[in-house]
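Novice: Chains A and B, in that order, are what the protein sequence lines are. When you read off a place in the first sequence, starting at 1, and then add 43, the result is the number in the numbering used here. When you read off a place in the second sequence, starting at 1, and then add 43, the result is the number in the numbering used here.
There could be a bad hint or two in this list.
Said to hold, decoys possible - Which residues of chain A face chain B? A few of them, derived with a C-beta cut under 7 Å, are:
| id | residue |
| --- | --- |
| 1 | M184 |
| 2 | K242 |
| 3 | T306 |
Claimed, not checked - Think about it this way: if two alpha-carbon atoms lie no more than 25 Å apart in a straight line, the pair counts; the simulated DSS-like pairs of lysine-lysine are:
| id | chain 1 | residue 1 | chain 2 | residue 2 |
| --- | --- | --- | --- | --- |
| 4 | B | K249 | A | K196 |
| 5 | B | K287 | A | K249 |
| 6 | A | K249 | B | K196 |
The set of hints was computed from the structure by calculation and includes no laboratory data. Using N, Cα and C, we set each Cβ at its ideal position, and we do this for glycine too.
There are 2 protein chains.
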Amino acid sequence: MAETIGFIGLGIMGEPMARNLLNAGYSLVIHNRSQAVVERLDSEFETVTRASSPREVAAQVSTVITMLPDSPDVRAVVFGVDGDGLIEEMGEGDLLIDMSTIAPATAIELYDALKEKGASALDAPVSGGEPGAIAGTLSIMVGGDEADFERAKPIFEVLGQTITHCGAAGAGQTVKACNQIAVAVNYAAASEALVLGAKAGVDPEKIIQVLNGGLAASRVMELRGPNMISGNFEPGFRINLHRKDLGIIMDTGKEFGVALPVTALVSQLYDSLAANGKGDLDHSALITAIEALANFKVSER
Amino acid sequence: MAETIGFIGLGIMGEPMARNLLNAGYSLVIHNRSQAVVERLDSEFETVTRASSPREVAAQVSTVITMLPDSPDVRAVVFGVDGDGLIEEMGEGDLLIDMSTIAPATAIELYDALKEKGASALDAPVSGGEPGAIAGTLSIMVGGDEADFERAKPIFEVLGQTITHCGAAGAGQTVKACNQIAVAVNYAAASEALVLGAKAGVDPEKIIQVLNGGLAASRVMELRGPNMISGNFEPGFRINLHRKDLGIIMDTGKEFGVALPVTALVSQLYDSLAANGKGDLDHSALITAIEALANFKVSER
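The task is simple: from the sequences and hints, build the whole structure.
Specialist: If you want it as structure tokens, here you go:
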């Protein structure tokens with residue numbers, strides 16, 4: 044019989060991940076700020092137990108998954124307020140699997156704090172978005188000790204398809220940061236190519252076709268290019284979420300002494316989109332920043 | 044029997060392209076500034092005729108291919124000095140196929156000038172570099188009239204593998220410009236991701252592996268990533284050639300009213316590499332500009 048594990052953070056990503064674990068036979072002790080999803084899962088699954096604080100979750104299990112919006116949320120759940128944090132009940136043999144996307148430095152801080160208590164931690168951020176969370180096909184980038192990775196693997200295999208142990212604590216978050224650099228900057232490449240070509244009079248579908256046949260090819264142009272030229276920016280992955288990740292990236296660059304001039308510029312273009320009320324569009328809407336600069340819309344050519 | 048065509052510009056790209064045409068049964072009337080390659084081809088192939096000027100080439104054939112370094116070179120060959128240009132002998136039924144990478148505006152100028160004489164022109168820049176030229180596997184991006192495209196197709200099929208009619212005159216050059224934007228900016232994406240990740244302590248091979256498994260994937264990271272992390276920048280495609288293309292791109296952006304902020308920044312990073320004596324390295328050496336800013340070499344981690 045599969046073990047009972049804790050799950051904290053049942054949002055857009057967390058809820059379908061928790062459902063996949065429940066459907067795979069795991070019992071869950073759950074905790075979440077908003078109660079609607081807690082009641083939903085509690086009424087649907089007999090194998091769900093509710094806990095009123097992170098500490099109460101940790102008291103009942105030896106493995107806890109967190110899936111939260113940002114670094115401060117994860118710190119708050121782990122370190123707690125007035126002694127209600129996970130860390131109060133974590134010790135020898137206990138494991139935190141943080142699947143949120145947060146700063147590598149915070150992941151290392153959590154790892155060190157838990158090690159001091161005899162417990163351990165994995166950073167295990169994901170890519171693949173809500174569809175990947177629902178389908179159980181996430182890509183999971185893991186940092187931490189090898190033995191902890193092996194222990195968590197059966198859980199990861201329920202949630203994701205591509206599971207990579209990237210290195211020591213923080214390495215999962217670092218690779219996620221690298222991933223988000225590449226996605227954002229590749230969108231900039233596709234955006235400037237498509238706007239220049241279309242405003243110069245070329246059918247943008249031809250541009251996608253030719254570029255994806257050679258060295259210029261990128262997955263973002265292949266998967267999102269058609270939506271970029273038709274102006275369909277239904278998310279997908281929201282600009283505001285990518286902006287949060289870009290904030291982590293720029294902080295991490297500062298911390299490790301790595302100037303990121305191109306990522307910084309793309310980050311500012313995303314900030315400009317947010318200032319123009321587009322923060323909830325898909326991140327492929329970066330093309331609209333280049334369109335605005337050119338006073339030209341590819342979709343209206 | 045295949046027709047006799049003219050070929051002007053027998054450099055690193057032009058010579059192997061001419062050889063492929065000769066081996067496919069075409070007879071060539073050739074002209075080149077440097078005489079060594081002219082003598083080489085003349086002594087190897089009975090089907091080669093030498094001409095002492097572009098005008099003399101045009102006098103003997105109805106189809107002329109040009110493969111030259113830059114816009115001024117193509118203008119000089121077509122318009123000539125003291126009446127020795129191609130245009131003097133071009134009229135009804137004659138076709139210029141310019142396979143150089145030049146400004147879209149120049150391609151349109153040539154097309155218009157030749158149309159006025161009753162002749163026609165295709166812009167047909169290529170990607171795939173010297174290996175593609177030798178193997179006859181170039182990607183050919185063609186702008187111009189449909190009938191001219193159909194007429195030139197058997198020639199293109201000897202020289203390349205992916206042949207796309209992109210639109211009216213200039214469209215081939217425009218798509219080539221888009222292609223070079225995407226390649227340069229995708230290199231920037233891969234460079235910043237790899238330098239940040241490696242300086243933060245992650246094995247860069249893991250980064251390539253994870254990123255290429257998802258939305259962050261690009262062909263440049265897939266094909267050149269391994270060389271970027273080992274510091275092998277043997278060309279390939281030289282930085283100085285990509286800088287020439289980036290000059291065309293920025294001029295074209297100005298002409299059509301398209302600001303290209305990210306491409307402009309990447310172009311300046313390439314200029315900095317040239318200023319540091321790296322203009323003859325492969326364009327994937329863009330990573331060394333990010334490494335220099337970070338005072339860190341991925342290959343020496």
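Novice: For a C-alpha distance cap of 25 Å, please report whether K287 (chain B) and K249 (chain A) respect it.
Specialist: Since the Cα atoms of K287 (chain B) and K249 (chain A) sit roughly 24 Å apart, the hinted pair holds (cutoff 25 Å).
Novice: Let me know if the C-beta of K242 (chain A) comes in closer than 7 Å to any C-beta of chain B, holds or violated.
Specialist: At about 5 Å, which falls below the 7 Å cut-off, the nearest Cβ of chain B leaves the hint on K242 (chain A) intact, so it holds.
Novice: Would the hint linking K249 (chain B) and K196 (chain A) be met if the CA-CA limit is 25 Å?
Specialist: Holds, at roughly 18 Å.
Novice: Would you settle whether the hint for M184 (chain A) is holds or violated, based on the nearest Cβ-Cβ distance to chain B being less than 7 Å?
Specialist: Hint holds; M184 (chain A) Cβ to chain B Cβ min 6 Å, cut 7 Å.
Novice: Given T306 (chain A) as an interface hint, is its Cβ closer than 7 Å to any Cβ of chain B?
Specialist: Where the cut-off is 7 Å and the nearest Cβ of chain B is about 5 Å from T306 (chain A), the hint holds.
Novice: Going straight from one Cα to the other, do K249 (chain A) and K196 (chain B) come out at no more than 25 Å?
Specialist: Given that 25 Å is the threshold and the Cα spacing comes to 18 Å, the pair holds.
In summary, this structure violates none of the numbered hints.
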